[in-house]
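Take a look at the letters that make up each chain.
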Amino acid sequence: MIAIALQIAAIAIALALLLNGWRLYRGPALADRILALDTMVINVIAVIVVIGMMGGNDTYFEAALLLAMVGFVSTIAYCKFLLRGDIVE
Amino acid sequence: MSGIVEIVIAGLILLGAAFVLIGSWGLVRLPSTMERLHGPTKATTLGLGGLLLASVVFFQVRLGVWTAHELLISLFLFITAPISANMIAKVHLHRARTGDRPDHDGIAGPPPRPDPDGEGEWATFEAPHTDTQASIENP
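Protein sequence lines correspond, in order, to chains A and B.
The opening residue of the first sequence carries number 1 in UniProt numbering; numbering runs sequentially from there.
The opening residue of the second sequence carries number 1 in UniProt numbering; numbering runs sequentially from there.
Derived by calculation from the structure, the hints in this document are not laboratory data.
Small disclaimer: the values here were computed from a predicted structure and weren't measured.
Dumping the calculated DSS-like pairs for lysine-lysine here, alpha-carbon to alpha-carbon at most 25 Å: (1) Lys90(B) to Lys42(B); (2) Lys80(A) to Lys90(B); (3) Lys80(A) to Lys42(B).
One-sided excerpt, in silico: chain B residues whose CB lies under 7 Å from chain A: (4) Ala10; (5) Ile13; (6) Leu14; (7) Ala17; (8) Val20; (9) Leu27; (10) Thr33; (11) Thr44; (12) Ser55; (13) Phe58; (14) Thr67; (15) Phe76; (16) Ser84; (17) Met87; (18) His92; (19) His94.
Ideal Cβ positions, reconstructed from N, Cα and C, are used throughout, including at glycine.
Use the sequences and the hints to build the structure in full.
The following block contains the structure:
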């Protein structure tokens, strides 16, 4: 039962990534594209968690933790650059 | 692995995946940028919390090990999601006010528009202050 639930979850997250890609492509505002990238990072973390559960291997969570940190920092860097024209003043 | 635990894990996985999908569907479906912020920042974060909770229970039952990484990830995400949403909203307000493109009225009503006299503005383009303690000590 867990295997079937994991496959359904993988399909749902893949669909979510496609929807995010559509929003990243369409825009229209720059804030929408940053938001789409931020959501994509969260969805990729979800993919890593699902793959880790499928393989029964808990080493994947290190990658998920790193991706969470890098995604947050990159979103803030994009926003700071657009707000101030510089990242670290 | 007993049946009840299996049902709980499968239910948490499906709930988390459903919330992740709903958040991304909101990102596509909602009409204005400020409304689009709601989907990913709330629903997707909650869905990932559900998936991580499922994996905590899964590895506890399957391998018998207590993994705290998932709790760290969800704690980190729950702290950072509001901050990044706030920054994206600031970018949107800033670009709407500097004339990037007009802000359409959403289904939740018109967005807050700048006053003509500039009173009560959001300080999205404020220069660093020069009279604070930190700026005096670090010129």
